[in-house]
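> Each chain, letter by letter, is given below.
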Amino acid sequence: MTAPATPPSTPRRQLLAAGAGLVAWAVVRPVTAAPTELAAAIDAFAGGAPVRQGKVTLDVAALVDNGNNVPVTVSVESPMTPAEHVTAIALFNERNPDRDVARFQLTPRCGRASVSTGIRLATSQKLVAVARMSDGTFWSKTVDVVVVLAACIEGEG
Amino acid sequence: MARALIKVPATARRGEVIEIRTLIGHPMETGHRADSDGRKVPRDIIRRFACRYNGETVFSAELFPAIAANPYIAFFTTAVDSGTLAFSWEGDNGFAHAETVAITVT
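Here the protein sequences come in this chain order: A and B. Throughout the first sequence, residue numbering follows the working numbering, covering 1 to 157 in sequence. Throughout the second sequence, residue numbering follows the working numbering, covering 1 to 106 in sequence.
None of these hints come from the bench; they were simulated from the model. Fair warning: there could be bad hints in the mix.
Computed list of lysine-lysine pairs in DSS-like fashion (alpha-carbon distance at most 30 Å, straight line) [claimed, not checked]:
no., chain 1, residue 1, chain 2, residue 2
1, A, K141, B, K7
2, A, K126, B, K40
3, A, K126, A, K55
Just chain A, same shape as in the assembly:
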């Protein structure tokens, strides 16, 4: 049982502390949200399985002039035999409105685990390619991309 000497100050302090916390949360959230969402998207694709670095090559220009169409090639080291092949390749981004970019389903009939496409990048960010192998393991490659002219997202937010 506490009897504060100055009763009005306690709720005021709590209110101030709560307000400061709220401001801190509002300031920090946009910075931390994107990497957390990226990790969550990768985790959902891997079904919680560990995702290791390696085996995957992600070819994309480190400095992108135009974010509206960025050529990307993902290649994975694999013999692509019925016994040992890549079953899927997923591409994720860090700071576009959606974390997903594309998912490709491969078969041993592909012969080579390499896929190319053109993507949009809203701003400078990380790109992550994740490959799922026929033995159930997941491998990834992360690349940092600097975007000069962003893809059109005016009106967003």
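Starting from the structure of chain A, add chain B where the hints point.
The following block gives chain B in isolation, referenced to the frame of chain A:
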């Protein structure tokens, strides 16, 4: 009607790994943009792509709004038999497009 460009070698040796390149005309409207009046433009994208080689699906893809307009997809397949490669694209607002290309395997 959408226009699609597909590059497949006309002939290949059995067992050869060949590259297939596809491009289809489509705006891939993200659903995140606003028009000049500030109204959100509804999403209109291609969501699925598949390639079947003599009926067997050898490669398929799920696309999201981060894929650039006029989606380009290139991949590889092993030439096994002469026949047809069938390509299909499906998306929002009932979008569907299909193409077939003949290949001769020697």
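> Each of the hints needs a verdict: does it hold here or not?
Evaluation of the provided hints:
1. A:K141 x B:K7: holds (29 Å)
2. A:K126 x B:K40: It holds: about 27 Å lies between the C-alpha atoms, which stays within 30 Å.
3. A:K126 x A:K55: Holds: K126 of chain A and K55 of chain A sit about 18 Å apart, inside 30 Å.
The structure meets every hint from the earlier list without exception.
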